[in-house]
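Starting from the given sequences, assemble the full structure and let the hints guide the process.
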Amino acid sequence: MKALVPLYLQQFKTTFATMVQYRASLFIWMIGHVLEPLVYLVVWSVVAESGGGSAGGYTTAEFAAYFIVLMLVENTSYTWIMYEYDYRVREGLLSPALLRPVHPIHADIADNISSKAITMPFMLVVAVVLAAIFHPVMSPRGWALLAAIPALVLAFLLRFLLEWTLAQAAFWTTRVSAINQSYFVLVLFLSGQVAPLSLFPHALQIAASILPFRWMLGFPVELILGRLSPTDALLGLAAQVVWVGLAYGLMRVIWRAGIRLYSAVGA
Amino acid sequence: MRYLRIFGMYFRIGAMGEMQYRFNFFVHLFQSILQLGMALGGLAVIFTYTHSLGGWLPDEVLALVGVYTLVGGLIGLVVYPSMEQFIMSVRDGMLDFMLVKPADAQLLNSLQSVDIWRLIDVGLGFGVLIVALTRLGTQIGLSQAALFVGMLLTGSAIIYSFWTILATLSFWFVRVENILEIFRSMYEAGRWPISLYPPWLRFTLSFIVPVAFVTTVPVEALTGRLSPQTFLIAAALAVALLAASRVVWKVGLRQYSGASA
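Protein chains in written order, with the numbering used here: chain A, 2 to 268; chain B, 470 to 730.
Keep in mind the hints are simulated off the structure, nothing from the lab.
Where is the CB? At the ideal position from N, CA and C, for every residue including glycine.
Some hints could be false.
What the hints assert, rightly or not - Residues of chain A placed beyond 10 Å of chain B at every Cβ, according to the derived structure:
| no. | residue |
| --- | --- |
| 1 | GLU37 |
| 2 | VAL44 |
| 3 | LEU235 |
Claimed, not checked - Per label pair, the in silico range of CB-to-CB distance:
| no. | chain 1 | residue 1 | chain 2 | residue 2 | range |
| --- | --- | --- | --- | --- | --- |
| 4 | A | GLY246 | B | MET507 | 23 to 33 Å |
| 5 | A | LEU247 | B | GLU646 | 29 to 39 Å |
| 6 | A | ALA133 | B | PHE480 | 44 to 54 Å |
| 7 | A | VAL103 | B | PRO571 | 50 to 60 Å |
| 8 | A | ILE150 | B | GLY606 | 52 to 62 Å |
And the structure:
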């Protein structure tokens, strides 16, 4: 464990240097990540207005709060590993990572965290600007905000482990884009990015809660907004822990099986 | 005519390349249906809470999703892959070979690569549009239909020139893929009636990134909402952007010095 600290620190430095180099890509990446919640914010605000000021238990201002907080939570738990892994396996770029005496997931986690450390201040500024435009209203409670800290960490871990594991599909097939896209559509729909999950039909809500999707995004957002009771919060944290455990186990198994299939190109 | 034949040839090359991977058809069909299903599912959820979205009826928004998918398919069919290849060819000097061919280089470059699987989106979008049209049925006259087709062509011209201008910037800046990426994410906003957005965003989506003219405006024509002003602005913008894309191309080409020269 102690040996990992210098590794993480070094990866922070490397990632930071890369990000500074590619400032423009960073900016463009942000536009996409702001635009999507913004579009749904606008759509649901219009729906709420035409329904006399609220729809499905959310007022216009509460929708604004929901999607602005969602944008920030999405920015903490988002990963791009599924896009990258296929390329890594195909091009043989995984080989040097395998020579290192630590599990390659650590470098990826460090890379992910450091790039978010850089984007987060910008996203916070965007959130403030959006708040000035859309006047969000939320009623956060102290205990809920406190509980949101482990919820965010668990959401990050869950998403990272699961997507890292899914990315291993590249060992078995060259058609990962179909897997990736199906997964992203499910995430978009069932994690609460299209609408707060409580607005969905009951069956879909249950599906989102049994599957890992709600715990990646919707749950921390609702917690921060103060829409959950203490019992719901505890149950949610428990569900997150269970899913992180499952995802971790799965990651171990799949990684071990996948790495046996890997035959580096050009080696 | 000649350029249609050239396009047909590139299309055949693209098709032949992909026919080796016939299974891909199912992969792409699956992806497109999933994407469309998500869009329709989102609409279904929204319309359980309201009867109309900013004055647009469900079937009108459905028509908008159809147009969005259809035009997105057309862009993905030829504009996007061609521009991607063009940008790459500026960087590695392959553009030399395009320039020596005895045809208009700008047109050739905008046709040079075809991603045939995007035809699936074109088909699906068309299907959704037909469903929406039959449901709106009685309200649509012949003149509206004609105006719709006209606005669709105008919008396509706007998007085509806008995209060409962006791609042509690669004569000056080597890494412009990122700019294209911005457009890709902005295009998503076109899935909704532009009138929903606050004024600043409406302006951005009309004049800075002219997404509104390909999706909202044609459907407005269809449902009899199109104002004469919008019509004139769209037509003027199409002409201006087409001309601008030509000028930027000509000026940009002078910047190009080849890679190995």
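Checklist entry - Closest CB-CB distance from VAL44/A to chain B, is it above 10 Å? => result violated (6 Å)
Item to check | Beta-carbon spacing of ILE150/A to GLY606/B - inside the hinted bounds 52 to 62 Å or not | outcome: With a Cβ separation near 55 Å, ILE150/A and GLY606/B satisfy 52 to 62 Å, so the hint holds.
Checklist entry - Closest CB-CB distance from GLU37/A to chain B, is it above 10 Å? => result violated (7 Å)
Next on the checklist: Quick check on a hinted range of 50 to 60 Å for VAL103/A and PRO571/B, using CB atoms only.
Outcome noted: Between VAL103/A and PRO571/B, where Cβ atoms are some 58 Å apart, the hint holds.
Next on the checklist: 29 to 39 Å was suggested as the range; check whether the CB atoms of LEU247/A and GLU646/B agree with it.
Outcome noted: At 37 Å between Cβs, range holds.
Checklist entry - Does the Cβ-Cβ separation between ALA133/A and PHE480/B fall within 44 to 54 Å? => result holds (50 Å)
Checklist entry - Are all beta-carbon distances from LEU235/A to chain B longer than 10 Å? => result Fine: 28 Å to the nearest Cβ keeps LEU235/A off the interface.
Item to check | CB-CB spacing for MET507/B and GLY246/A relative to the 23 to 33 Å hint | outcome: holds (29 Å)
In summary, the numbered hints that this structure violates are 1 and 2.
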